[in-house]
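Same order as they appear, the protein sequences are chains A and B.
Residue numbers for the first sequence follow the numbering used here, beginning at 1 and rising by one.
Residue numbers for the second sequence follow the numbering used here, beginning at 1 and rising by one.
One thing to keep in mind: the hints can contain errors.
What the hints assert, rightly or not - When the alpha-carbon atoms are kept at most 30 Å apart in a straight line, the in silico DSSO-like pairs for lysine-lysine are as follows:
1. 128/A - 238/B
2. 213/A - 238/B
3. 87/A - 261/B
4. 157/B - 87/A
5. 211/B - 62/A
6. 87/A - 74/B
7. 231/B - 164/B
8. 213/A - 68/B
9. 267/A - 74/B
10. 213/A - 120/B
11. 87/A - 164/B
12. 231/B - 128/A
13. 87/A - 120/B
14. 164/B - 62/A
15. 120/B - 62/A
16. 211/B - 128/A
17. 213/A - 119/B
18. 119/B - 87/A
19. 238/B - 267/A
Honestly, the hints are just simulated from the structure, not real lab data.
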Amino acid sequence: MQLVIASGKGGVGKSTVTASLLYLLKDEYRFVAVDADADAPNLDLLLGVERWEEERELIGAKVARINTESCIRCGICQERCPYDCIKVIDGDYVVSELTCEGCNVCGLVCPVPGTISLDEVRSGVVRKTTTRYGFPLISAQLDVGRPNSGKLVTEEKEWAKKLMGELGIEHMVVDSAAGIGCQVIASIGGADLTILVAEPTPASLSDVRRAYKVVQHFRQPAYLIINKADFNPGFTALREWAEAEGIPILGEIPYDRAIPRSMSMLKPFVEAFPDSKAADAMREIAGRVREEILK
Amino acid sequence: MQIAVSGGKGGTGKSTVAINLAIALREHYDLVLADLDVEAPNDHLLLGVELANEEPVELFMPRFDYGKCTRCRKCAEVCEEHAIITMRDGTPFLMPNLCSGCAACEIVCPVPGAILPGKKLMGHTYLTETPYGFPLVTGRLLEGEERAMPIVSRAKKRAQGLEKELLMVDTAAGTSNTVSKALEDSRLIIAVIEPTPLGIHDGELILRLAKLMEVPAMVVVNRSDLGEVAKVREIAEKYGAEVIAEIPYSENIIRSYVEGKPIVLTDYPEAGLFREIASRVVEFLGGGE
């Protein structure tokens with residue numbers, strides 16, 4: 001089974017919840033964990049990973065380059081670039097490598113053959129390790145300023161599937177990126193179900209509703225975990241939304257200083273502070289994941 | 001001129017800093033705030049306003065006139081996103097989800113009228129008046145669409161079109177090219193960083209991007225009592241960025257955040273921190289009205 005943890009809004013505790021859930025389920029189930037936030041991967045930090053066993057560079061991003069020698073400075077490339085990535089610097093037309101999407105429109109409209117080339121560049125790395133908890137983790141890191149991190153996520157999931165086949169592992173747990181864009185679509189696409197994490201604030205509600213629409217787009221069931229549940233008493237709209245949409249609530253985790261403290265210790269909070277009230281709540285949630293999802 | 005608030009990691013408090021700083025800066029500049037976190041835009045919620053003046057962001061999407069198409073496959077060959085597939089006889093089909101709307105297919109098509117300009121809705125931009133004397137421009141990607149870049153690009157243009165003295169940009173998390181697009185043309189980046197190992201890891205990436213883009217950066221440490229500020233100072237120094245403020249974890253800020261009442265307008269002591277950040281920014285940019 002492939003399950004995804006998503007949230008829409010960043011910083012609501014997706015990776016924190018994922019790390020603790022993996023910790024609580026590791027003795028009963030075999031899974032590969034995938035950190036699909038290639039822009040800002042953090043699951044490895046929360047699981048205390050110190051080294052990667054294997055790292056693969058992903059070449060695949062493309063950026064346009066203009067040869068200033070043969071360029072006749074007609075400006076057509078700049079005019080036609082759909083994303084305004086071409087600037088004039090000291091009289092030369094230059095493609096901004098940090099914003100280019102690699103569509104090659106500039107190269108197609110350029111009247112001087114060979115002046116604009118589309119070069120392949122590194123988009124980032126995909127890497128694998130075995131965590132100290134025994135299960136493998138696949139992670140990735142997009143290079144700064146590179147486009148389409150969704151491809152990196154697809155690459156990660158393919159590696160994870162291969163590993164599952166080799167090692168006879170049954171489950172894949174994907175910690176998705178924030179937002180609803182290409183990385184999130186690559187995470188949710190092809191999965192069996194999504195667990196949404198949200199906190200009781202208007203911003204988190206707004207963003208989780210958007211993430212849920214992506215889940216619906218893929219016709220998957222969704223579940224909800226409410227994090228920092230007591231952080232905003234009186235805000236009932238999150239729970240009401242879940243009830244109205246028929247999204248089962250797996251549980252509520254109270255705001256607990258044990259969580260940021262465990263982050264500094266680079267450990268899942270259920271391991272670092274097993275007696276905390278957040279850990280109690282998390283164990284209850286893991287119990288429901290066992291009974292209702294993994295069965 | 002333009003400045004940007006960014007932070008690498010999600011949920012570090014970028015939007016909180018952006019809206020409070022905008023309110024504090026309105027006394028110095030005629031400004032517009034642009035929320036370019038198009039996958040999860042929240043500045044309007046924090047400012048307590050409803051998005052208004054919606055404009056669609058539509059992209060070119062090829063429509064094939066199969067009566068004219070010669071099945072030459074050039075459109076499929078040129079498509080960098082592999083959004084056009086061809087049947088054995090060369091008949092092209094579009095997979096709309098993969099199409100980036102760049103129109104390369106139309107450019108190479110040798111038969112006039114065989115590729116028609118269809119349109120695909122990608123999201124919207126908004127221009128909302130706020131009760132604080134400055135407008136908010138918001139970009140919002142449609143759920144199910146993958147490409148944030150066109151929305152970021154269009155929302156930024158809409159904000160630039162207002163020709164205010166100061167454009168303040170609030171970016172998405174991460175350091176991908178959509179964040180670079182938002183940061184582009186900034187005279188200053190304010191990086192909001194949490195002093196946790198995760199926050200520092202991601203914060204370093206945004207400082208690296210700022211350096212690559214040759215934009216000076218200043219660091220605001222948020223929830224400064226939840227970790228080791230010294231480590232943030234270390235990475236800030238490595239990238240030549242100055243730490244200009246430390247904001248402790250605060251119930252008052254959370255309350256103001258959930259109520260949509262900006263803290264900078266209250267009498268809480270935290271308000272002073274944001275005014276201090278604003279005065280550092282004014283000092284750096286040099287004046288205003």
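30 Å limit on alpha-carbon distance, applied to hinted pair residue 213/A and residue 119/B = Satisfied, since the Cα-Cα distance of roughly 22 Å is no more than 30 Å.
Residue 213/A and residue 120/B: Cα distance at most 30 Å?
-> holds, 18 Å
Within a Cα-Cα threshold of 30 Å, do residue 267/A and residue 74/B meet the stated pairing?
-> Violated, at about 53 Å.
Are the Cα positions of residue 87/A and residue 74/B separated by 30 Å at most?
-> holds, 29 Å
Mind checking the alpha carbons of residue 213/A and residue 238/B for me, to see if they're no more than 30 Å apart?
-> violated, 41 Å
Sort out whether residue 120/B lies within 30 Å of residue 87/A, counting only the CA atoms.
-> holds, 27 Å
Within 30 Å, alpha carbon to alpha carbon, are residue 164/B and residue 62/A?
-> violated, 35 Å
Pair hint outcome, residue 87/A versus residue 164/B [Cα-Cα no greater than 30 Å] | holds, 22 Å
Holds or violated: residue 231/B to residue 164/B, with C-alpha atoms at most 30 Å apart = Violated, at roughly 37 Å.
Restraint check for residue 238/B with residue 267/A, where alpha carbons must lie at most 30 Å apart | Given pair residue 238/B, residue 267/A holds - Cα atoms ~27 Å apart, limit 30 Å.
Compare the distance between the alpha carbons of residue 211/B and residue 128/A with 30 Å, and conclude whether the hinted pair is satisfied.
-> Holds, because 29 Å separates the two Cα atoms, which is no more than 30 Å.
Could you grab the alpha-carbon distance between residue 119/B and residue 87/A and see if it respects the 30 Å cut-off?
-> holds, 27 Å
Hints 2, 3, 7, 8, 9, 14, counting from the list given before, are not met by this structure.
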